[in-house]
Amino acid sequence: NAGVMQNPRHLVRRRGQEARLRCSPMKGHSHVYWYRQLPEEGLKFMVYLQKENIIDESGMPKERFSAEFPKEGPSILRIQQVVRGDSAAYFCASSPTGQGAYGYTFGSGTRLTVV
Amino acid sequence: QQQVKQSPQSLIVQKGGISIINCAYENTAFDYFPWYQQFPGKGPALLIAIRPDVSEKKEGRFTISFNKSAKQFSLHIMDSQPGDSATYFCAASKGSGAGSYQLTFGKGTKLSVIP
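Top to bottom, those sequences are chains P and H. For the first sequence, position 27 (counting from the first letter as 1) is numbered 27 according to the numbering used here, and the numbering increases by one without interruption. Just add 115 to the spot in the second sequence (first one is 1) and you have the numbering used here.
The hints are simulated quantities; they were obtained by calculation from the structure and are not laboratory data. Predicted model, so just to flag it, every value in this text is computed and none were measured. Errors might be hidden in some of the hints.
What the hints assert, rightly or not - Distance ranges between label pairs, derived from CB positions:
id, chain 1, residue 1, chain 2, residue 2, range
1, H, Ala160, P, Lys27, 15 to 23 Å
2, P, Met5, H, Glu171, 16 to 24 Å
3, P, Lys27, H, Gln129, 25 to 33 Å
4, H, Asn142, P, Thr97, 30 to 38 Å
5, H, Met193, P, Arg64, 44 to 52 Å
6, H, Ser227, P, Lys44, 40 to 48 Å
7, H, Gly214, P, Pro39, 22 to 30 Å
8, P, Glu72, H, Lys120, 41 to 49 Å
9, P, Gln17, H, Gly210, 21 to 29 Å
10, H, Asn142, P, Ile55, 19 to 27 Å
11, H, Ile135, P, Gln17, 40 to 48 Å
12, P, Val83, H, Gln129, 23 to 31 Å
13, H, Ala160, P, Gly59, 16 to 24 Å
Unchecked claim - Here are some, though not all, of the chain P residues that point toward chain H, as calculated from beta-carbon distances under 8 Å:
id, residue
14, Gly28
15, His31
16, Tyr33
17, Glu41
18, Gly42
19, Phe45
20, Tyr48
21, Gln50
22, Gly98
23, Gly100
24, Ala101
25, Tyr104
What the hints assert, rightly or not - Derived pair list, reagent style DSS-like, types lysine-lysine, alpha-carbon separation capped at 30 Å:
id, chain 1, residue 1, chain 2, residue 2
26, H, Lys130, H, Lys173
27, P, Lys51, H, Lys120
28, H, Lys183, P, Lys51
29, P, Lys44, H, Lys183
30, H, Lys172, H, Lys157
31, H, Lys172, H, Lys120
32, P, Lys62, H, Lys222
33, H, Lys130, P, Lys62
34, H, Lys186, P, Lys44
35, H, Lys172, P, Lys51
36, H, Lys157, H, Lys120
37, P, Lys71, H, Lys186
38, H, Lys183, H, Lys172
39, H, Lys209, H, Lys120
40, H, Lys130, P, Lys27
Note that beta-carbon positions come from the ideal geometry of N, C-alpha and C, so glycine has one too.
The whole structure should be built from the sequences, with the hints applied where relevant.
Pasting the structure below:
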């Protein structure tokens, strides 16, 4: 069991470029969550997805950020026109059900640096 | 509004000593309280978790103490080892129902265990 796979591990983007972060959940997990960790901060919930559905995007910034989890392939977190404040570690987690946070498994994250 | 407050921000303990990290929460709907351990460059990994129907849970050298009336919980690491040096996050979520999949994290405690 390969666990939750995130790539790339590190991503450097210039201001104004687009960043695409990918997450493949654990085998058998159909619920995916994205969290953002700013420096010296705890993780903050961004979005919860199931295959082809966004269940809760209450933690997503209203502009420039979007997420998807297509029928085939990994979940994608997309940040358009990145700014320096987007520099953070982005973690994906998956779980077998959407009831409770039990069974959460986190990936190793993508560290985004905007220069 | 930060719903889970964690202290201290950093902690230095001698090998063999006891490490104590405290958290306080505000939302009385929280029903699940996990602790996560994060090493540099890695994602958070579940260490131990508690539900409010018990006041203490022990797993090896790690113990969670829970005080429902005070809305506080703490992590105790007995016989601390250099390999325990990491950042520890407390978190909370609702046990079931709407939004139960969402974890609210404290800001983290950086633990350094010195030989």
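Do the Cβ positions of Val83(P) and Gln129(H) conform to the proposed distance bound of 23 to 31 Å?
For Val83(P) and Gln129(H) the Cβ distance comes to about 43 Å; the hint is violated.
Measure nothing beyond the straight line between the CA atoms of Lys183(H) and Lys51(P); if it is 30 Å or shorter, mark the hint as holding.
Measuring from Cα to Cα gives roughly 37 Å; hence the hint is violated.
Tell me if the interface restraint on His31(P) is satisfied: Cβ within less than 8 Å of some Cβ in chain H.
It holds, given that the least Cβ distance between His31(P) and chain H is near 7 Å, below 8 Å.
Measure nothing beyond the straight line between the CA atoms of Lys44(P) and Lys183(H); if it is 30 Å or shorter, mark the hint as holding.
Roughly 24 Å between the alpha carbons, so the hint for Lys44(P) and Lys183(H) holds.
Quick one, are Lys172(H) and Lys120(H) close enough, alpha carbons at most 30 Å?
21 Å, holds
Hinted contact Tyr33(P) with chain H - closest CB pair below 8 Å:
7 Å, holds
Taking 30 to 38 Å as the hint, is the beta-carbon distance of Asn142(H) and Thr97(P) inside that range?
22 Å, violated
Cβ-Cβ distance between Gln17(P) and Gly210(H): within 21 to 29 Å?
41 Å Cβ-Cβ, so the 21 to 29 Å window is violated.
Check whether the Cα positions of Lys51(P) and Lys120(H) lie no farther apart than 30 Å.
34 Å, violated
Quick check on the hint: Ala101(P) CB to chain H CB, less than 8 Å?
The hint holds - Ala101(P) has a Cβ within 8 Å of chain H, the shortest such distance being about 4 Å.
Verify the interface restraint on Tyr104(P): the C-beta must sit less than 8 Å from at least one C-beta of chain H.
Cβ of Tyr104(P) sits 7 Å from chain H, so the hint holds.
Kindly confirm whether 40 to 48 Å is satisfied by the beta carbon distance between Ile135(H) and Gln17(P).
Taking Cβ atoms as reference, Ile135(H) and Gln17(P) lie about 44 Å apart, which means the hint holds.
The structure does not agree with the numbered hints 2, 3, 4, 6, 9, 12, 14, 21, 27, 28, 33, 35, 37, 40 stated previously, though it agrees with the rest.
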